[in-house]
Each structure stands twice: as structure tokens, then as C-alpha cells.
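Trainee: Please put together the full structure from these sequences, using the hints given.
Protein chains in written order, with my numbering: chain S, 7 to 1012; chain H, 200 to 299; chain G, 139 to 559; chain W, 664 to 868.
Source of the hints: derived by calculation from the structure; they are not laboratory data.
Heads up, the beta-carbon is just placed ideally off N, CA and C, and yes, glycines get one too.
Just so you know, not all the hints are guaranteed correct.
To be verified - Residues from chain S shown here face chain W by an in silico Cβ test under 7 Å; the list is partial: (1) Leu617; (2) Gln685; (3) Tyr765; (4) Gly813; (5) His840.
As the list claims (entries may be wrong) - To spell it out: a stretch of chain W is covered by chain H in this simulated footprint if at least three of its residues, at any positions, have a beta carbon under 8 Å from a beta carbon of chain H; those stretches are: (6) 749-760; (7) 835-844.
What the hints assert, rightly or not - Subject to a maximum C-alpha distance of 20 Å in a straight line, what follows is the list of computed PhoX-like cross-link-like pairs (lysine-lysine): (8) G:Lys411 with G:Lys432; (9) G:Lys154 with S:Lys135; (10) S:Lys785 with S:Lys850; (11) S:Lys135 with S:Lys60; (12) S:Lys60 with G:Lys530; (13) S:Lys408 with S:Lys522; (14) S:Lys153 with G:Lys299; (15) G:Lys196 with G:Lys411; (16) S:Lys897 with S:Lys703; (17) G:Lys299 with G:Lys411; (18) G:Lys196 with G:Lys530; (19) G:Lys154 with G:Lys196; (20) S:Lys135 with G:Lys411; (21) G:Lys432 with S:Lys153; (22) S:Lys60 with G:Lys196; (23) S:Lys153 with S:Lys60; (24) G:Lys411 with S:Lys153.
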Amino acid sequence: MSDSQRRLPAGGRLDRKQKVSFTFDGRPMWGLAGDTLASALLANGVETVARSFKYGRRRGIVGHGSEEPNAIVQLGSGAATVPNLKATQVELYEGLEARSVSGWPNLDVDVIALLGVFARFLPPGFYYKTFMAPARLWMTYEHFIRKAAGLGRAPQNPDPDRYDKINRHCDVLVIGGGPAGLAAAREATRQGSRVILVDEQSEMGGSLLSLGGSEADAAQLQWRDQTLAELEASVDVLLLPRSTAFGYYDHNFVGILERLEDHRGLTSPGRPRQRLHRVRARQIIMATGAQERPLVFANNDLPGVMLASSVRTYINRYAVIPGQRLALCTTNDNAYQLALDWQEAGCDIAVIADTRPEAEGVLPRLARERGIDVRTGTAIIEASGRKCVSGALLAPIHAGGKSLTGPATPVECDLIATSGGWSPVVHLSSHTGIRPIWDDEAIGFVPGPHADGPVAVGSAQGIYCPLACVEQARTEGAAAALRAGQGAGESSSPSPDIIAALEEPAQALFLVPHTKTTSRAPSQFVDFQLDVTAAAIELAAREGYESVEHVKRYTALGFGTDQGKLGNINGVAILADTLNQSIADTGTTMFRPAYTPVTFGAMAGGEVGDLFDPERYTAMHRWHSEQGAAWENVGQWKRPWYFPVAGESMEEAVQRECLAVRNSVGILDASTLGKIDIQGPDAAEFLTRVYTNSYLKLAPGKCRYGLMLHEDGMIFDDGVTACLGESHYLMHTTTGGAAGVLGWLELWRQTEWPELQVYFTSVTDHWATATLSGPNARKVLARVCHDVDLSDEAFAFMDWNSATVAGVPARIFRISFTGELSFEVNVPANFGRHVWERLMEAGKEFNITPYGTEAMHVLRAEKGFIIVGQDTDGSMTPDDMGMDWIVGKNKSFSFLGKRSLERSDTRRTNRKQLVGLRTVEPNEVLPEGAQIVNTPDQAVPMAMQGHVTSSYFSPSLGRSIALAVVKGGRNRLGEKVFCPLADGRNVAAVICQTVFYDPDGERQHV
Amino acid sequence: MLQIYCPYCQELREEEEFSPSGEAHIARPRDPESLSDEQWGDYLFFRKNPRGLHREMWHHSAGCRRYFNVERDTVSYVIARSYPIGEDPAGAMVEGHDHE
Amino acid sequence: MPTRSRNRYSALSLLKHGLSHHENWQRAWRNPTPKQSYDVVIVGGGGHGLATAYYLAKVHGITNVAVVEKGYLGGGNTGRNTTIIRSNYLWDEAAHLYELSMKLWEGLTQELNFNVMFSQRGVMNLGHTLQDMRDIERRVNANRLNGIDGEVLSTAEIQTKIPLLNCSPDSRYPILGASWQPRGGTARHDAVAWGYARGADALGVDLIQQTEVTGIRRQNGVAVGVETNRGFIGAARIGCVTAGNSGVLAGMAGLRLPLESHPLQALVSEPLKPCLDTVVMSNAVHGYVSQSDKGDLVIGAGIDRYNGYGQRGSLHVVEHTLQAICELFPAFSRVRMNRQWGGIVDTCPDACPIISATSVPGLYFNCGWGTGGFKATPGSGFVFADTLAKGKLHSLAAPFTVDRFHSGALIDEHGAAGVAH
Amino acid sequence: MSESAEMGQRFAPVLESPLHYVRARHRNPAAAAVTLSERSACILLNLRGSPENEPFRESVRAVLHVELPEVGRSADSELASIYWLGPDEWLAVVDQATLAEPVAALRGAIQGHVSIVDVSSAQSLLAVQGAGVAELLQKASVYDFHPREFGPGRCAQTTFAKATALVRCVGEEHFELIVRRSFIDYVARWIVDACAESGCHISGT
Ligand SMILES: Cc1cc2nc3c(=O)[nH]c(=O)nc-3n(C[C@H](O)[C@H](O)[C@H](O)COP(=O)(O)OP(=O)(O)OC[C@H]3O[C@@H](n4cnc5c(N)ncnc54)[C@H](O)[C@@H]3O)c2cc1C
Ligand SMILES: NC(=O)c1ccc[n+]([C@@H]2O[C@H](COP(=O)([O-])OP(=O)(O)OC[C@H]3O[C@@H](n4cnc5c(N)ncnc54)[C@H](O)[C@@H]3O)[C@@H](O)[C@H]2O)c1
Ligand SMILES: Cc1cc2nc3c(=O)[nH]c(=O)nc-3n(C[C@H](O)[C@H](O)[C@H](O)COP(=O)(O)O)c2cc1C
Ligand SMILES: [Zn+2]
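Mentor: In C-alpha cells, the structure reads:
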């Protein structure tokens, strides 16, 4: 040992020259470059790293990777703090600050631990059985329940870091960089495949990184180095260490989280912290290895009880000795390697308890030869110690593993390592719902069959012999390359020189029997993080929660941040035993992503903040923004909402803009309206089928307004269509509806009416549109447009003309949404700002006023024009909107939606109909969304008649106006109705016509 | 995450480029006015929704903008074939055959 | 009435059983062998099916009832939803039905003697556009006049209630306001299924798990029972409450429904100390989140637009959801997703359920709850039990028959139910 | 502009390319792994017609000196580049300096059911070059741009961030990106963000 740490003087994959200081719960400590937080904590002699969630029991580190259930820490503080990391996966960096997430006031004196005494009264499901009376106190009980639960703390401030995302495609994706993964990746690469190899550890090698100094081990490590070097030198190989394949999705799609910077510090200014790789692979090889299973025995959660392979990893990879005197309990030969390495490191071995009746394999013999006390047919049935392990109880165990055959004897030790065999890591291969299959020989679940999906190699397939792993991986690597279209399918890399001891069969043992029954024995933990014991599983089954999924949900087995990597299979086995059925019949719970947790920010990637959703700009956007426009989001577009001049409120600005249009001239950026160019001999026929009215007689130079219905008869879009020439039209859609309408047209053209000759092209982006509206609109336009006669006689309402505006070829439509004389000037968007500015100049003398969407809404409401989506809500027919006049009843083709208008419910006479509302008090502006009743003095629930869809103060009329839908409204003109408001007032209003201003429509015809 | 073969682009493309457009092969009635409310409602809303092979329409909305049909298993999500509108591939599928 | 004596759950019973090492707890429900026939067979052992059975026995005294479940009780959408409960629906028909449910929730723990952990922490629906706000006003006003609690909150009020929410006016879709239903909240989903199961079992209902209905037997056009993988079970009336599988059940009787089954996903974070005390939902930015009593953020993700029975969905849908969550809660960006999963939701064209008799006498359906039926569990069970008991639709269920898809009397709740919740 | 000859005398129209404003903001030529340059003053035409319509093919050949390309490909002549968009849809990009009135020329020559739409202002045409291009494209799009699959002359319409784009491979580390005008500001900001480490330079031509 060196420097008062539990550190071996040599060895390990560490940089001994680089000391790294860090703190744990405020205590300063140090480790070495290459350490994980867990190895450094062990080196510093830290035993208790957590308190358990329900009983407050002391917990220590048990594993060395993503399986770790106990050592959950919070890193750092402030905005960059990260909750719930596993210390075994945190690479140490200078200045790291870690805190345990449990224990109050601290790990050493935990108040919840006092509850430990009551533990026996808190069986699984105790919540469901209590806190029921008195009912009103539940929210108080819950308050405390919530406080007691939860692990780390969420940051309180926005994340200072950035995240990155990248899409990848490859021929062969290999998940897991252990011997099997390396072999498979090398083989696929040699066959010419594009290969990606990922591993969640800091370097490739998998279990090889845990090997010791023996000759055989050294040979394997050398093989690793050579293989890796070859992969690194290949062009079409991407090696991704520190990258977890967290989810396998349909059609061979895999999500991978790469931790780019976490090993360097808490934040990564200027560089992305993590990156999400979205990989589509032609073939996938799962080389995810196998997870060692702990044995379940009494008090097995005491700090100082660890996995055998983890202890071996700490010795060999991190040069840390987590104890002085080891007691090992195993069901297999493999764990003997730990004993040999432990002894090699110069430490004591109290005993190897081998649960099998005999152990005559190469490794057990070697152990005996080395003088280790190997006792077969023996198990550790209980750990003892107060704060950590100080001894173990051994007892002889029946060959069947279900009972003890003699009395227990104690041994002294400060570390207990157990190995209950191995569980292939089948997580990803099960994510699409393919159930894993129990394999008696592997004593574990192996991946179920996939049609064209991943192939498992190595330990992931239940093959535990190193040479066999590599051989199988080579074969599968070549086969995968062939299926992906490369190579001849035959392995080209030489058979490696791996010497491995032959192993004798292991024993299938999960719960070690105790002298007492499970319900009475000291707690035998299955899931450490959630305090689930063997007794809890038995109890759940006893209470009728027999399905493994019920057991999971009733006891919380596997619900933790480790997702039960250590506990689940033991839990299944214990349940199977309780119910007297096979493990195969019991099955596993469902495996789901994420294999290990994935940062939200990484899943979001760069698409947050400004880039959360595209902002679409018109050609005049910058001009508006220079004028200080307030914006409205309309779909993805940014539209000027109003243009406040110095000191103006929104109300004042909108009034000014409205009056300008009514009295002189306003200008609106209408570029966002959808525009679809339609050409073809059947264009008119097509339009006539998709609109309620007919376009067969629309002449070139003319425009027509139309309503579009879905097949259910409900309005979904409206707009003006112009006939540009023979068989050539331009359709306008609503801003939000543009994409949907184009899809709709294509849908019918391509699928239902392929015989119609017509093409659609979106030209929304091509045209910038400036709408001049107001009595002076013509005068303004005349200043910049000289090649067209703008007079009412030559250029009538609902006409359009080509012209040159400010030197730019334009299309001018004389249509109006304000009821005033209006010209919509369309020019190619590249000239949009130029033309807009010329129009502004031309209008100076008339005090031309830019107006936004709000004023536009007021102006159109004064005229009773509807806005689809505001005055309609997907349940309104043309007749409901009072627009029956636009429905062509006698068209030869039954236009889309027509038949639905004849259904019994759509023919009803008391449907909600669009009407106007005038408040009795003219200054009262009804809130949009106010509900309407006949009399306010009725009991709740009231009989609602409809609601207010649009409501404004009309500056032109000097009073409020509203549009509303009211049951049978058109027959109720003049009736008084009421809007009961949230503040308790009942506002009276009178039903009226929808047109408030210029009812005869004279102003737009001048 | 599906990968769908577009018969027009003639290659496998990612799900994000497409929009699903519901059950395929629902012909619009020739003479809607002659249908009863019930028949018309059936056409509008009632779907096969099978557990198993499903013929459905997809729109290559971020690609070639073509609609086409896909025959896909709604449990395994395996796609048997993509084919243009108007074709009705031979070897008609076994409808909604059982799973599990 | 074959009512079994059932030990009550209480703190005292915990104490008593603790002393005997929990060795003597009764089963929460039996594991009976199916009888040859029943008065009513409910297909589907989700919350709605179990509640139906419970109220059939409790309210109508009909106890010769079986619930046939192909998997484990509560393993369908009941066991995989984000548990949001509210009753602030827009249209009268829906509002009355969901409000009945809300009232039943308020006494459910005591009714069942099973703590369903119904937590009335309030539900907030955010508005991000002017049209969102119009819709929110309209819905809240309708709710109030229907006797359902609701308020429209200003951005400032929202910020006080949820300090971690990003209420900046500079965000891409700034929060302009919200609707707020204080009585809304969450419940422990599994407990709801188990509580109803235990209650129904105690009243004599047979809960038959791991038994799949494979056919609906008809004689002279009348439904007489169900075929299962364990044999035929006769029934005078059959109620199908199979959520995402309803289309398949309908197919067994030669019927079609106006339904499509789609994958809907959800996810949870790792557990955190309390940091979010209400339920937050956003249609426009599309994310919704609450924090469970265990501490995990429970997040509802979007729906995949294609049909699917796979109980799983696409990754990009979840990515999109987490963008929304990070946008709404920038502080959650460093929190991690622990698990994601999917359910099969039965979506109806008008986002409202179907509670209906069919053209096959004796066969009834209760389905189409889509993305939002957990909240309706008690109410749905109550009215469906009444319907099955009397052979006539309960008045609150009457607007929800399948006929509306022929008459056109749809009840379009997309505004209120549009996103999955 | 195709009708440019008609432009009036009194105004000298100021053309603003879609990328006009972004260009000014992100000039960072030093150490940029990605360079964006916008090609302005082109005429863009959306062509629709059946590939079986021989007169249509012939007139394109005659006027633009180029064959209508097959699925997923583009083709060039000294007058124009043509991109395949769909089974009956192409985009033609014509340099205004070499051929000022292509619409009239094409219209005059083409027979049958075809559609020609001027979309010159609807798109921004970007050349994207540099060592960082491959990575940028992978970040932005779900499409596989690996040289084995997508060599020079290939083009594809696909997703680009949360917008869409038409992407063409010109050569090694050299692609062309055609993006809808209203999205270009967003796309440019997105690219600058994605190139935060490697650097991005935006210029005009
Ligand atoms: C991700 C997600 C989030 C959701 N979030 C919310 C929310 O926040 N709030 C909310 O109110 N709602 C939510 N919902 C919707 C809600 O979960 C469902 O509407 C509700 O749980 C439906 O309950 P159920 O009892 O009808 O169906 P289920 O619980 O699905 O029960 C149906 C049962 O029928 C069984 N079954 C099917 N076919 C057969 C057969 N042939 N034979 C025998 N048994 C069969 C199934 O196995 C299943 O157990 C969500 C749904 C999902 C998927
Ligand atoms: N004798 C025995 O009983 C026994 C038992 C088990 C293993 N072994 C030995 O262990 C070795 C197994 O080799 P192997 O290559 O199959 O496995 P491995 O354990 O060496 O490698 C698996 C690797 O996959 C990585 N991984 C797992 N899931 C991942 C994910 N989702 N994303 C990214 N990385 C992931 C792990 O970090 C690990 O590095 C062999 O040498 C074998 O002999 C022996
Ligand atoms: C409200 C709610 C909270 C959940 N919390 C957790 C959790 O904390 N940990 C966990 O592993 N799973 C959690 N789950 C997910 C379940 O483990 C499981 O994935 C889900 O119920 C779907 O079942 P399946 O995955 O078995 O198909 C939760 C599920 C729900 C509905
Ligand atoms: Zn395509």
C-alpha cells in the first residue's frame, strides 16, 4: 500500500504521476488520473457511500460500472450540478466535488435509519394500505412522502452547456468493445464494411481491462492492443468510447450517448458536453457482455459486500484493494481468478465458499494448490458487522441449493465478494419487444430471435469462454459484413492466441437459504436501490401479485436508476421459486431504453432556445424589425402584430393603424399567405372538386374566394384563387394552412384522381406581398406603377393584372380583407423589400401606415369576414358561418365534404351559427372565448348557447364589436344574451348581423 | 424508428422524411349522394385497424412529395413492401393475422 | 351475494401483520378458474374494465361477473400512462362525464379502502399563442358555467406557482397564460387497477388473468360468450373494454370501429427531490410533465402517427418532447431520462370515447379513450356498469355512441384533449 | 429575373438575396471548417411533366442543353443545372447572365401537359465547402451522404435541421444546398451553431 491509500504499489491503468484532488461530502481526498470516483473512494477507505431509500441502511460500493445501485452521487453545485450519477461511472478530474444524495443530516447519522426499527412495518405496498384516514390529510402525508423520496436535486438554473447531435449510417454497428466486440468489429472492417464500435467505458477492452498480470492475461491484453490499433488505423471505422448505446429501436436504429467532456470537468465552455449519435445500421452486433450476479443472502447490503468481478477490477485496473481479508462465495469457477489475483496482491483470503458439491476445475485446483481454504458445498448465508463487514456466516448447503444441511460457522473478514454466475446483457436486443429466452446452460436469459435485427456475440450470447467468445464474434462479424453487402462472409483474421482455463459447470443459485425462513431471516436484499428483499418478493406473490410485472410494480424491483441490473434476474428466480414454476415460465420484466440514463439536454440537442423551432421570415422582415414591430407567432412565421410608435400602447397603436386604413391608406405584409401555382388542362375541374364553389367559369384576370372542406364537411381553409391564364391558376391559402393544403391537393390528385391533368407548385416563398388598403390605396400605387390602368372601370374589384411596380414585374390582385379599396402587390421576394420601401415612399404624402395582424383582425371583423381557425374550430360548416352562398349545390361533381353537409346532424337547424354581438354598454369589449347564455340567473350547469370568437374595440365605429357562434343564432337577431365573466359580471349583448361596417360593401368598389 | 423504401426515390429513407396518411385503398364512393348516412359515415371514419399486416399510405413529404402505399406489420413493424398508388400487388396479404 | 370477508387495510393492520412477519396477509384477489358462464363478461382488465366490474357488483348487485384479461391486471394503458387527472373539457357532454369521474376520484381511496394516492396538486395548461389563449378562455368559461373549477392565469401568476418554468417573453413561443384546474392532479395508476380489482374480487367478481379472448361467439346474431385460449366462456352480456385492442375485438364480431391504434410514449427521469408541485401541460410546445411521489419527472411524449400495436414508438418523438421540456424547464436539461415506454392508444376522430351498444345484441363497447382516459376510469366504469346492467345507455354515456359517426354529431375535443394526456 | 428587360427606368430595383442579412453577420473566414457562399442572380424553374413526354424532354435538351436527369441525380450544361425532385418534377437553375429568358424559351418549345413555374425568389442556393462539410450534413440531416452512397451528381431532398433542403454532391467536401427562402435565416443560424467549434464563414459570390 502506498500513501495511506488502499492502493497497490504498482499496476493498474493509472497515471501514477498525476494526483487528482477531489471532495466527497466536503471531505478533501485525492486519487490518480485513470480512477473513477468509486475507485478513488475505495482507495481513500470510504465505506459508506449512501443510505438506503426506505430503511436508511448503510450502503457501500458493490460494482464497478453501470450496474452500481448504491453509489449515487450529486456532482458539483449551481447551474451545472448533475444529480444521480453512479460513482463507478464518474471519471475523476481535478477539483471534482461529489456529494451523496441520501442520509440526513449526513451519511453517518441518518434520521431515516431510526425508521429502520420500523422497517418490518413497511412492507412493499404499505402506501396503498395506509394514509387513508382522515381523507383530508392525504395531501399532508403526501408532502412528507415526497420529501423522503427522490435521490439528487435538479439544478435550479438553465444549463450552461451545449449538446450536439449527429446522424450516422453504417454497415455494421458493434455495441460493446470487449473481446467479442473487438473481434467482430475487426472482422467486419476487414471485409470492407463501414463500422462503428461503441463502448460505454473510457477505453475499449471491456472485461479485458480487468485482467491481471498473469501470462495468460497479458497475452489477452496484447491481443486487445493489436486489434484496437488495427481498428484505429482503418478509414471507415468510427470508434466511440465513453458512448452508451442506450436504446435499440425498429429497423436497426440505435441511440448512442457520447460523453465528450464529462471526464474533464463539470462544464465544458465552448464545446458540446455530450453528443447524441442517431445510428441507422444495416447490421448490428451486440457484444454487450454479461453482468455478474450477486448472491442474495442475509445482510448482503452491508458495505464491504461486493461483486467478485468488481473486486477483481478494482485490484487490476485501479490498483485498489478494497479490504484486507476476503471471503469469497461463488457458484462457479470464474470467480476463483479473483482469489488468485487477491493473493497475488499480497492480501489474505479467509475462505472460498463454493456452493457446488465439488469443485475440481483448473482454477479451484490452482487455488487449493496455493493454499487457499476452499470449502465446497458451502455458502455465505449472512454478513455481519455494524458499519461494514466484519465477518461472515458460513453454512453447508444442500446440492439443490434450497436448504442448509448443517449449522452455521462464522469467519472473520472485512470484504465479502460473491459471484452467482452471469447474466448476459440482453437489454438492447429486447427493446423492440423480443423477449429473451432462458438458457439452462448459460444460467441466464439470452437474446430472443430477431428477424433481421441484432446478433449477439460473446458473453451477451451466454458464451463465457474467452476463446469461444472471440471465435464466435469473428464468424458473426464476417457474416454481418456479408449481409450488409460486403465481403465473402468468411473470417479473415487469424484465430487469436488466447489461453483460458477450462471451466466446470456453474450452479444455478440465486437466494442463499438461511437458517430462518425468508420472512424471518435478516433482510436479504435483491434490489439495493429500492430496498427490495427476497421476503418482499415472496410477500407480493402471497398477496396475489404473481405476474413478474406485478411484483415489479408492487415492490419497485428494478425501478431504480440502475434498472435492476443486479437484482432483476435474482428477483425473477426468487419469484419462480415462490410460485413453484420455472424461471423460463416466469420470464423477465420488460426491458426498455435507456440502458443507462440519458441527459435530457443531449436528447434535445441544439434544438433549444432560438433554434427550438424555425422562425420563418418574409422578405420585409428586417424592415419591420427596424420599425420596432411587435411580433405574433403564426405557425412558424413571425408576423408583425402591430407597429407601436414611441410611447404607444398596443391599443393605441392598433386604433391608429385601423383608422389609417379606413381614412387614408395602410400597408400590410401579407407574404405569409400560402400560394400554390396550379397548371394543367384539368385545373378548373380540380378546383371545383376541392372548393365548395365552382371555378369552371372563372376567366383569366379574375379572382374568386373559396371555402375548402374536409370530407366531414367542416371548413378547414379558405382563400382567393386567381385565374392566371388558360388552365393556370394561383391559389391562396391561410398562413397556417399552406403546407396542409398543398398536401391535401396532392393527396387527391395522386391517389383518387390520377386521371386529372394538373400540377401544383408551392410559390409561397417566391412572392412577397404588400397589401395597400384604404381610400388612398390607388393613389399610392399609381405613383410606382405606370403600365396598368388602375381605375375601377379598368381594374375592377376581384380582378388581377400583371404590372410593373417600382421597376419590378408584379402581379396585382384587387381583393380586400378590410372592406376598403385594396391592392395586393406581389413581387418576387428578392425585390420584396425594395418594392415595400418604394411604396412607403410613395405613400408618404398620404401618411401611409404599416399595420399588423391585430389591426387586420379588427378591420376584417368590422366587415364580418371570418378567420378560419378563430371563428371556426373544425366543427363548423359553411352554413354555420352563414356562407351557404358559396356552396355550389348543383355542381356535377360531389365536391369534397358535400355529402357530409346532408347528414342528420349537419342539417339540424339549431346548430351554432355565426352572428354579430353588440354589447349593451358600447365600451365593454367582451373577452374572446366568453360563453353565452340566455339568462344569467340560472343554476350551474348553465345552458350555454355559444361563445364569442372574435371581439374588438372598433375605432371606426367608436364601440365594441364581436363575432360569436350562437345556437340558431341567425333566427335570433335582436335578442339579448349574456356573457357571465370570470369576475362575476354578466355582460349583456344583443345579437346582430355579422357586418358592422359598410354593410353594402361600397367602399371596396370605389 | 422506421426506415421506409420510397418507390419513387428508389431508396430507403428515414421515417422523419415521411408523413403517415392512414389506411390505404379506401376508394372514395363514386356517388356520395346515393349513400345512406351510415354508408357515408363508414367511408369517413371506420377503419380496419388490424393487428398484423396493414396497408397504409405514406407521403414522402420531405422528399419527392409522392404518396405511396406500404404493407407493414403493425406489431413487428416489419415492412413487407412499398408500392405506388394504383397498384395492388399480387399475393394479397393475409389480413390482420394474429400475433403472439 | 357471494361477498368474501375482506380484511381492511389500515395502519393498524400493518402493525399487526408486521408482528407476524407479514406471513398472513390475505390475497388481494383470487386466481379463479373460469366458470362456464357469467351474467356479464368484461373483456379487458384495465382500470376501466375493473371499475366496470366493481360498480356492476357494488351498485347493481350483479356479481356473477368475470373480467378476462390477456395479460396481467392493469398492464395495458392503465399501467403506462402519465396519470394526469382533470375534468376541464370543453363540450358539455364530455365535461359532465369527466366531472362525474372527478367526483368519484375525490372519494376513491376511501371507497376502495386502497390508497390510490390521488393527489390534487392542480393541472396547468399553458397557452403560447393568441389562439391558444382564446381557446383557454373559451374552455375555462365553459367549465365554470358547467360547475367545474377553473381559472385563467397570467404569466406572472404562472411564474409564482412554478418557479422553474421558463416564462421569458423572449422564448420562441412565450407563455402568454394558462388555464388552471386546482382540483386536477395525478394518482398512482397501478393502485387504481389493484384497488378496483381487490374491491371487485371481494364482491365476487372473477378476475381471470393471462387469458386472451380470441373470438366472440354469436348464435342467431346474438352474442353468447367469448372464446379464449382457455376455452369458451358463456355470457349474457359482453362488455369490451380493451383500449388499444378494441379494433381487434370488434373484428372478432365482424364489426368495425372508427378507431385507429397508435403508439403513444412516455418517459421518466431519475428520481429527484421535489421540484415541481403541479402538473404542467403545453399543447403548442408539446410537452407535459409532473413529478411522481417517488421523485421522477413523469413526461408524456407525443404520438406516432402510424398505426401500431408494438407498445413502443420512435425515438424522434421522444427527442421532440425533451426539446419541449428543456424549452419549458431549462433547468431540467441536465436531468436524465431513466426509462421510456409506449402504450397503444385507441384514437377516435373526435378525441372522445365510444360507449355503445353494437349491432350484435348483447355486445357492448367502451373504448376510444385514446390518449386521455385514465382520468375517466371511475366515471367510465360507473356509466358502463349502469349500461350493462340495464341494457340501456346511461344518460351521460348516451352522446358517446358510435352512431355519432353516422349522424355527424361528433364532439370535437381536440382542443381540450388534442395532446396526449 | 426572367422579365428583367422590362424593368422600368425610374427605379433601379434593389435585389436582396435570401441570405442577404445573414451574410453580413457571419464573416469569419479564418480557420473555418465550413464555408457557405450564396449564388444569387440565378433563375430557378420548377418543371413538371411526364418523363415519358418526349417533346418535353427534347425541348429541355434544346433550350437548356441538358438531359432531364434520372432518379436522385442532377445534370449540368454550360447553361443550366437540373435536379431531380420527383418522378415528374425537376428544378432547373439557370445563370441569368447566360440565358435571360428561359421561361419563354421553354414555354415556346414545350408541348403537352407540363408546368413551368418561376421560383427564382423562393430558394436560396448555397455552396457548402470545406473539411467540416460531411459532419455538418450529418448533423443536419437524416440522409446518408457517405461518398459510397452519394457521389458527385447525386442529389436528394431531405430534412435539414427542422427544415428541408435539396442537397447535391458537387465533389469532395463540396456540396450544394437549396433551401426555401423563408427558412434561410433559421438554417444559417443553425449552421453557425452547429459549426460553433470548427468555425463557419458565410460569403456571397
Ligand atoms: C403514454 C400514455 C400516457 C397517457 N397519459 C394519460 C394521462 O396523463 N391522463 C389520462 O387520463 N390518460 C392518459 N392516457 C390514456 C389512458 O392510459 C387510457 O385511456 C386508459 O388507461 C385506458 O384504460 P382502459 O382500462 O380502457 O385500458 P387498458 O388499461 O389498456 O386496459 C385494456 C386491457 O384489455 C386487455 N385486452 C386487450 N385485448 C384483450 C383480449 N383479446 N382478451 C383479453 N384482454 C384483452 C389488455 O391487456 C389491457 O389490460 C395515456 C396513455 C398512454 C399510453
Ligand atoms: N468464465 C466466465 O464465467 C465468464 C463469464 C462472463 C464473462 N467472461 C469473459 O468475459 C469476456 C466477455 O467478453 P465480451 O466481449 O462478450 O464482453 P465484455 O464484458 O468484455 O464487454 C462488453 C462491453 O460492452 C460494453 N457495453 C455493454 N452494454 C453497452 C451499451 N449499451 N453501450 C455501450 N457499451 C456497452 C461494456 O461496457 C463492456 O465494455 C470474455 O473474455 C469471457 O470469457 C467469462
Ligand atoms: C406514472 C409512472 C411512473 C413511472 N416511474 C418509473 C420509475 O420511476 N422507474 C422506472 O423504472 N419505471 C417507471 N415507470 C415505467 C414502468 O417501469 C414501465 O415502463 C411502464 O409502466 C410500462 O410498462 P412496460 O415497460 O413493462 O411495458 C413509470 C411508469 C408510470 C406510468
Ligand atoms: Zn420519395
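Trainee: Run every hint past the structure and note whether it holds.
Mentor: Tested hints:
1. Leu617: With Cβ-Cβ at 6 Å, under 7 Å, it holds.
2. Gln685: holds (4 Å)
3. Tyr765: holds (4 Å)
4. Gly813: holds (3 Å)
5. His840: Interface hint status for His840 (chain S): holds (4 Å vs cutoff 7 Å).
6. 749-760: It holds: at least three residues are needed, and the stretch 749-760 of chain W offers 3 whose Cβ sits within less than 8 Å of chain H.
7. 835-844: It is violated, with 0 qualifying residues against the three required.
8. G:Lys411 with G:Lys432: holds (9 Å)
9. G:Lys154 with S:Lys135: holds (13 Å)
10. S:Lys785 with S:Lys850: holds (11 Å)
11. S:Lys135 with S:Lys60: Cα-Cα ~16 Å, so holds.
12. S:Lys60 with G:Lys530: Violated, at about 50 Å.
13. S:Lys408 with S:Lys522: holds (12 Å)
14. S:Lys153 with G:Lys299: The hint holds at about 18 Å.
15. G:Lys196 with G:Lys411: This hinted pair is violated, its Cα atoms lying about 40 Å apart.
16. S:Lys897 with S:Lys703: Holds, because 12 Å separates the two Cα atoms, which is no more than 20 Å.
17. G:Lys299 with G:Lys411: holds (17 Å)
18. G:Lys196 with G:Lys530: holds (18 Å)
19. G:Lys154 with G:Lys196: Distance of about 29 Å is beyond 20 Å: violated.
20. S:Lys135 with G:Lys411: violated (24 Å)
21. G:Lys432 with S:Lys153: Between Lys432 (chain G) and Lys153 (chain S) the Cα gap is close to 9 Å, so the pair holds against 20 Å.
22. S:Lys60 with G:Lys196: violated (36 Å)
23. S:Lys153 with S:Lys60: Holds, because 12 Å separates the two Cα atoms, which is no more than 20 Å.
24. G:Lys411 with S:Lys153: holds (7 Å)
In summary, the structure is inconsistent with hints 7, 12, 15, 19, 20 and 22 from the numbered list given earlier, while agreeing with the others.
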